[in-house]
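A.B. asks: Chains W and E, in that order, are what the protein sequence lines are.
Going left to right, the first sequence walks through residues 295 to 575 as this note's numbering numbers them.
Going left to right, the second sequence walks through residues 51 to 629 as this note's numbering numbers them.
Please keep in mind that the hints were generated in silico from the structure rather than gathered at the bench.
Do not take every clue at face value.
What the hints assert, rightly or not - Straight-line alpha carbon distances no greater than 30 Å define the calculated DSSO-like cross-link-like pairs of lysine-lysine that follow: (1) E:K437 to W:K377; (2) W:K306 to E:K504; (3) E:K442 to W:K302; (4) E:K593 to E:K579; (5) E:K503 to W:K306; (6) W:K568 to E:K247; (7) W:K306 to E:K251; (8) E:K251 to W:K565.
To be verified - Computed footprint of chain W on chain E; a stretch qualifies when at least three of its residues, placed anywhere within it, have a C-beta under 8 Å from a C-beta of chain W: (9) 67-73; (10) 258-268; (11) 283-289; (12) 521-532; (13) 571-577.
To be verified - Cβ pair distances, simulated, as ranges: (14) E:D494 to W:D560: 54 to 60 Å; (15) W:G431 to E:E500: 47 to 53 Å; (16) W:T567 to E:E550: 41 to 47 Å; (17) W:A572 to E:D149: 36 to 42 Å; (18) W:T567 to E:T457: 34 to 40 Å; (19) E:K449 to W:K402: 40 to 46 Å; (20) W:Q395 to E:S94: 32 to 38 Å; (21) E:D202 to W:P562: 40 to 46 Å.
Glycine residues also receive a C-beta, built at the ideal position from the N, C-alpha and C atoms.
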Amino acid sequence: MVTIADYKGKVKPDWCPGCGNFAQLSAISGALADLGIEPKDSVITSGIGCSSNLPEFINLYGFHGLHGRLLPVASAIKWANPKLTVIGYGGDGDGFFEGTQHFYHTAKRNVDITYIVSDNQIFGLTTGQASPTTELGMKTKSTPDGNIEKPLNPLTIALTAGATFVARAFSGDALHLKEVIKKGIQHKGFSFIDVFSPCVTYNKINTYDYFRKRVYKPDTDTKDFNKAYSLAQEWGEKIPIGVLYDVEGPSYETSDPVIAGKALIDIPPVKLTKEHLAEFL
Amino acid sequence: MKTDEVVIRVGGAAGDGVQSAGLIIAKTFTRLGLHVNTYNYYQSIIRGGQSWYQIRASDKKVRSQGDGLDVLIALNKDALERHTNPSINEGGASPLTKDGVAIFDKGLTNFQKYDLDYVEMPLNEIASKHSKNALMKNTVAIGATMASIGIDFETLAGVIRDQFGNKGEVAEQNVNAAREGYEHYKANFKKLPIKLKTSNKRYYLMSGGETLGLGAVNAGLKMYVGYPMTPASSALHYLASHQKDFGIFVKIPEDEISAINMAIGANFAGVRAMTGSSGGGFSLMVEALGMAGMMEVPLVVYESQRAGPSTGLPTKTEQGDLNLVLGASQGDFQRIVLAPRNVEDVFYLTREAFNLAEKYQTPVIVMSDLYVAEHYETVENLDLDFKIDRGKIAEPGMKDYKRYEYTKDGISYRAFPGTAGLTHNEDSDEHNEYGDVVSDAVTDPTLRVESMKKRMKKLDAYIKSMPPTPTYRYEDAEYAVVQWGGTQGSVEEAVDILRERGHKVGALEINRPHPLNPDIGKLLSGKKKIVVVENNYTGQMNKLLRSEFLVKTELVTKYDGESFYPGALADEIEAVLKR
């Protein structure tokens, strides 16, 4: 039996005390263990940022790559070996600035991976600049007079791009977070989970208290795109969390003529013969 | 006019069927057991403009597009005037020779005339008898061309049938149109004094893009990810059209950054994967290239050069990316750069690249150029026997596994996801032997030094194992002509010309630009002059040779977008020798 202890990494996380990433580390570990997935069959790819350091602190196959580029890496790992459970994990700066095009297109392709974003609405590791989800008016190191760019909405982007699973969770509600992650991992196709993850050092607005007062779990029909889209736009006094959208659709790997039902890693190299050269005669 | 070889050029606008006509001619010669070399002069336009296709054939090896022009098929007035003009401005291509023939439709009138043989043919008239398709006139002209050099018609008929889907009506219409063109020419015009010695030899007619794909497949390629960019696309097209036969996953992602990260991800997962582009796309890949170096993930990148800078000349050749490839990405890490000299060399070096990448767990870049990637030439044989060497791969449950163990040769065991007992993290941050990051909480300067040394000493074994640098007519050479990559054919033919003129020259051919084989230093020592030939402005290899081997060199360059022509190159080298 797999337990959460199996996922415990030998390196202690170096995040700030109280960081929202701790809850996600334990929720991801717990979700994988609950689903009976062994560490050897789990892969986490990450980008660069505080949250992206996570693969260093968990026992599985980790790939701590480049800022914004975790999804192409994750996709290819899945295509190479679909027996693996592949999770992409990074921050809002990573995923929604440099990684935007990968986010959009991976959702559109419906690659069978789970993308979890630790969304703290700020750049943490670079010490507090405005990120793509920083709220309007917020003063940061890069916006001393207040942020004049409207924050982007990762959920509506994912929905528009064609993601088949779109959810939101909150590091302040660890049990719910774990359940959402479990559903995301079990989903066949691209699952996207945006997690409110308060940055206790650089974001004094979107705090645990801020979200505790606002989040609620709507009872919704997760097959209804319009409802999901509408809920995704709710922001203010009430902010919905949970699975907003969850539909079935053919994933990329089940539709590709070469890898459908197969693993590239198991296909032996083709033995070239003179027959293969006949077309050049 | 040389009588043991022929140079034919088809000129017209994009959309006129210039390239298809050229390929039919090239295939016909190939099936006649002749050596063939082709050259595609085209523009970044789908319809219109001016383009041409040149075919050179002989029973002797033809290593470049060659000098001279014996038969011109002009599909429009512009082509007719352009290729008959003695002061032609086509990057070194010759105008029609005095005793050659220009074949064109008799409807072309009021063109600038020179003292040449003009063969006005009823191309359109004959074509319209056989089909409503206006491009059929090209087939008529091809028939006439074969008659002009006394080639038996049936081989051409066979190629046309293959080209147009064998038995169908269209195929027969084309064969009949070609036959009528053939007969019409024979009855009315002169036969050129060319006598090609055909044979029963079976050569392959291939482009460098195709042999790149084949070499990769031979090496066990499982995934090719690339964004379309000329001239790297010919490899992508070959692989995509064979993906099911070869069991290869082919993908165009959202950008080149994604492409290289995917290729790295697949290699990390244990599958041989490759990405490819031209200089522009490669520039986007630069950051990830360094990541592969840092994380020690094997990676093969195909970099097919075209004339830069920036978008440059999208359909023209150049060797201007050497500095880019050698310096790509921040920090010091090891890379291997291979630069095949011809279509066949592409096959062998590409498949070797995959073994090198896994053996040394570092990026290997196969540098080609538009000339090599897109021109067709005959290849006598490809040896398909190849041993895949995947390097150090850990067995499940290996004791005290360290992904980045400090070893004598700098290479440690890889463990693929899914392997029991060997979970670990691979990191773009500096890390210790286990893969644990040492850049955040504690930076250990001693450990940093150890990790750098581990990665940097990896290629010591490769350098020792490098085959001797190839040479041509070099044993008694007093002067060295140094070439790298795709200029080999023109340089060798220039050497032949210079030898005939009494100059003791030989060529040194660099197809492994990095790391450079130390034997180059010895090969260059004692030469009266060293002439470096490059398809770029600044002489990037020239500078490299000077700094690596402290030699005095002379430089011959060409950066007009066209590849070297042997005659003109010989003259330029001769001028340097006499200087």
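A.B. asks: Hints first: check each against the structure and report whether it holds.
C.D. replies: Evaluation of the provided hints:
For the given pair, E:K437 sits about 28 Å from W:K377 by alpha-carbon distance, which is consistent with the 30 Å threshold. For the hint linking W:K306 to E:K504, the alpha-carbon distance of about 26 Å falls within 30 Å, and the restraint holds. For the hint pairing E:K442 with W:K302, the CA-to-CA distance comes to about 28 Å; that is within 30 Å, so the pair holds. Proposed proximity of E:K593 and E:K579 is supported: the alpha carbons are some 16 Å apart, at most 30 Å.
Straight-line distance between C-alpha atoms of E:K503 and W:K306 comes to about 27 Å, which keeps the hinted pair within the 30 Å bound. Our distance criterion of 30 Å between C-alpha atoms is met by W:K568 and E:K247, whose separation comes to about 26 Å. For the hint pairing W:K306 with E:K251, the CA-to-CA distance comes to about 69 Å; that exceeds 30 Å, so the pair is violated. A hinted pair counts as satisfied when its Cα atoms are at most 30 Å apart, and E:K251 with W:K565 qualifies at roughly 25 Å.
Counting residues of the region 67-73 of chain E whose beta carbon lies closer than 8 Å to any beta carbon of chain W gives 0, which falls below the threshold of three, so the coverage claim is violated. Using a Cβ-Cβ cut-off of 8 Å, 4 residues of the region 258-268 of chain E lie near chain W, which meets the minimum of three, so the contact claim holds. Only when three residues or more bring their CB closer than 8 Å to a CB of chain W does the claim for the region 283-289 of chain E stand; here the count is 0, and the claim is violated. For a cut-off of 8 Å, the count of residues in the region 521-532 of chain E with a CB near a CB of chain W stands at 0, and the three-residue condition is violated.
Note: the region 571-577 of chain E has 0 residues with beta-carbon separation from chain W under 8 Å; the three-residue rule is not met and the coverage is violated. For the pair E:D494 and W:D560, the supplied restraint of 54 to 60 Å is violated, since their beta-carbon distance comes to about 40 Å. Between W:G431 and E:E500 the C-beta distance comes to about 49 Å, which sits within the given range of 47 to 53 Å. For W:T567 paired with E:E550, a C-beta distance near 42 Å keeps the hint of 41 to 47 Å intact.
As the Cβ distance of W:A572 to E:D149 is approximately 39 Å, the hint placing it in 36 to 42 Å holds. At roughly 38 Å, the beta-carbon separation of W:T567 and E:T457 lies within the given 34 to 40 Å, and the hint holds. The given range of 40 to 46 Å is respected by E:K449 and W:K402, whose C-beta atoms sit roughly 45 Å from each other. Distance hint for W:Q395 and E:S94: a CB-CB separation of about 25 Å, inconsistent with the stated range 32 to 38 Å.
At about 45 Å, the beta-carbon gap between E:D202 and W:P562 stays in the expected band of 40 to 46 Å.
Hint compliance for this structure: hints 7, 9, 11, 12, 13, 14, 20 are broken, all remaining hints hold.
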